[in-house]
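Asks: Letter by letter, the chains look like this.
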Amino acid sequence: MTYETIEVRPVTPTIGAEIHGVKLSEPLGNQQFQEIHDALMQHQVIFFRDQEMTLDQHKDFGRRFGPLHIHPHAPGPEGHPEILRIHADENSKQVAGHRWHSDVSCDPEPPMGSILHLHTVPPTGGDTLFASMYAAYDALSEPMQAFLGTLTAIHDGTPNYQRRSKVAGKDDARAYPRSEHPVIRTHPVTGKKGIFVNPVFTQAIKDVPEEEGKAILEFLYEHNKKPEFVCRFSWAANSVAFWDNRCVQHLAMWDYFPQVRSGNRVTVSGDRPF
Amino acid sequence: MSYETIQVKPLNPTIGAEIRGVDLTQDVSNRQFDEIHRAFTDHVVVFFKDQQPIPPEQQIKFARRFGDLHAHPAAPTHPEYPEIFVIHTHKDSKIANGNNWHSDVSCDEHPPLGTMLQLHMLPEGGGGDTLFASMYAAYDVLSPQMKAFLDPLEAVHESEHIYRGRYSDRGVDDRDKVYPSAVHPVVRTHPVSGRKALYVNGAFTTRIKGLKKPESDAILQFLVRHMAQERFQVRFKWETNDMAFWDNRAAQHLAMWDYWPNERKGHRVTIKGERPV
Numbered sequence: 131m132t133y134e135t136i137e138v139r140p141v142t143p144t145i146g147a148e149i150h151g152v153k154l155s156e157p158l159g160n161q162q163f164q165e166i167h168d169a170l171m172q173h174q175v176i177f178f179r180d181q182e183m184t185l186d187q188h189k190d191f192g193r194r195f196g197p198l199h200i201h202p203h204a205p206g207p208e209g210h211p212e213i214l215r216i217h218a219d220e221n222s223k224q225v226a227g228h229r230w231h232s233d234v235s236c237d238p239e240p241p242m243g244s245i246l247h248l249h250t251v252p253p254t255g256g257d258t259l260f261a262s263m264y265a266a267y268d269a270l271s272e273p274m275q276a277f278l279g280t281l282t283a284i285h286d287g288t289p290n291y292q293r294r295s296k297v298a299g300k301d302d303a304r305a306y307p308r309s310e311h312p313v314i315r316t317h318p319v320t321g322k323k324g325i326f327v328n329p330v331f332t333q334a335i336k337d338v339p340e341e342e343g344k345a346i347l348e349f350l351y352e353h354n355k356k357p358e359f360v361c362r363f364s365w366a367a368n369s370v371a372f373w374d375n376r377c378v379q380h381l382a383m384w385d386y387f388p389q390v391r392s393g394n395r396v397t398v399s400g401d402r403p404f
Numbered sequence: 047m048s049y050e051t052i053q054v055k056p057l058n059p060t061i062g063a064e065i066r067g068v069d070l071t072q073d074v075s076n077r078q079f080d081e082i083h084r085a086f087t088d089h090v091v092v093f094f095k096d097q098q099p100i101p102p103e104q105q106i107k108f109a110r111r112f113g114d115l116h117a118h119p120a121a122p123t124h125p126e127y128p129e130i131f132v133i134h135t136h137k138d139s140k141i142a143n144g145n146n147w148h149s150d151v152s153c154d155e156h157p158p159l160g161t162m163l164q165l166h167m168l169p170e171g172g173g174g175d176t177l178f179a180s181m182y183a184a185y186d187v188l189s190p191q192m193k194a195f196l197d198p199l200e201a202v203h204e205s206e207h208i209y210r211g212r213y214s215d216r217g218v219d220d221r222d223k224v225y226p227s228a229v230h231p232v233v234r235t236h237p238v239s240g241r242k243a244l245y246v247n248g249a250f251t252t253r254i255k256g257l258k259k260p261e262s263d264a265i266l267q268f269l270v271r272h273m274a275q276e277r278f279q280v281r282f283k284w285e286t287n288d289m290a291f292w293d294n295r296a297a298q299h300l301a302m303w304d305y306w307p308n309e310r311k312g313h314r315v316t317i318k319g320e321r322p323v
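Line by line, the protein sequences give chains C and Z.
Every number in this note's numbering is 130 more than the matching position in the first sequence, counting from 1.
Every number in this note's numbering is 46 more than the matching position in the second sequence, counting from 1.
One chain only, chain C, in its complex shape (with noise of 0.2 angstroms):
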């Protein structure tokens, strides 16, 4: 794929792409909009450098892409409720996202993807590890692909949120998403397949017995993380990377503690998994 108005270099063959020569603080023109949107179809995460942004151009930039999805568990700054602040220093008992997932997979219709802009970063540490979905579910046989694609998973935020909520020391008892989604799910853009079950959001495969759903789920999640299916981002300040959930998942490393590592999220919505 060429490009005329954006640069674009693979971070690996498979996934990852640091796109340069736009700044995402102006209004995008349609072709670059376009360019950006075909890099990121593409690559599937793209990364962004040096780029100034407040919050409103962040979500203007955000809205290019489709409309912005309102987090259940962490409501975002005064006047800004789309916006979720991503921050850890040396209070932090917790981190956002350390473990693989795909954003909000337990919503019944998930983010289509996520903008996180760091302004403040550890001066070394707190990278994100993004694994392309696609190349997990090429990777597998045949049967195995075909056997996956009978199957439905149910997502539930509640284990995972309400185990958030407590070691914030909050009480609560409110009911997030539950939603079930197949295992397998077909991008609704490239018409590929890519595997949508991940550790943080999947209780379960639907219909099968607890122990044949645990032994599957198992070995996806073993197989997901598989390093050749992988890229590593190292932030600078103002870095900023947008990934497509519907075949992306990422883990946000937390190896930096007690540094401070701080910054914005827009979450574009997406539909529902089919």
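Since the hints were derived computationally from the structure, they do not count as laboratory data.
Per the computed footprint, the stretches of chain C lying under chain Z, defined by three or more beta-carbons under 8 angstroms from a beta-carbon of chain Z, are:
#1 261-273
#2 329-340
#3 349-362
The beta carbon of each residue, even a glycine, is placed where N, CA and C say it ideally should be.
Following the hints, put chain Z in place on chain C, whose structure we already have.
Replies: The following block gives chain Z in isolation, referenced to the frame of chain C:
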């Protein structure tokens, strides 16, 4: 179903029955044979109670009524009767036969249909039970999706890793020997009952064909754990001269070796089976 010439007492609804009213030191009538065969088919493993030691010729003769006899690829044979596999464990034994779940010699192209074991000597102080698990039951409770996945798959069964050097202390020199391996369906259909049974085991089955190695490992590990659930099992506590007859096409078994240094001894005769389908 009723029996007229033997008494059949199921040990549980899933697997295992005791048979009384037949003397295996004598020839078995055709009607008795038919009923024994029916009980064997229905219960997967049967235990003949109240027996006297069966002379080797007679045990061989009875076994032949079920089919040709199977020659074990590795084990030493009885000095006079090559059809007899002497089961003998004592204080100097370094191994005991079959103390992990398995179906006998599933590495053979034509694995045994069934195995008859009479124990003439039981360990003093107890122990030495044999556990049998129904592979019908293990298959039946899988999800329809898992069944559909497993039904067309085939697995490789090997024996080199089990048999090489295994009987060296009983005088078997296997330097020039090639141990068997075979490919069998993961789910086999029993030729008599027509029922489907899981046919992979933790001893001989090394991989599932057509799957990637980690997939095969994960599925085999799941199946080996799955089939070992207590709800598929009967645990048989032997009395002297009991004879067990199990169907290797539908059962796996495990012989407990919890009685060392005590002695346990008997005669096994193995009946050849068809190629699994």
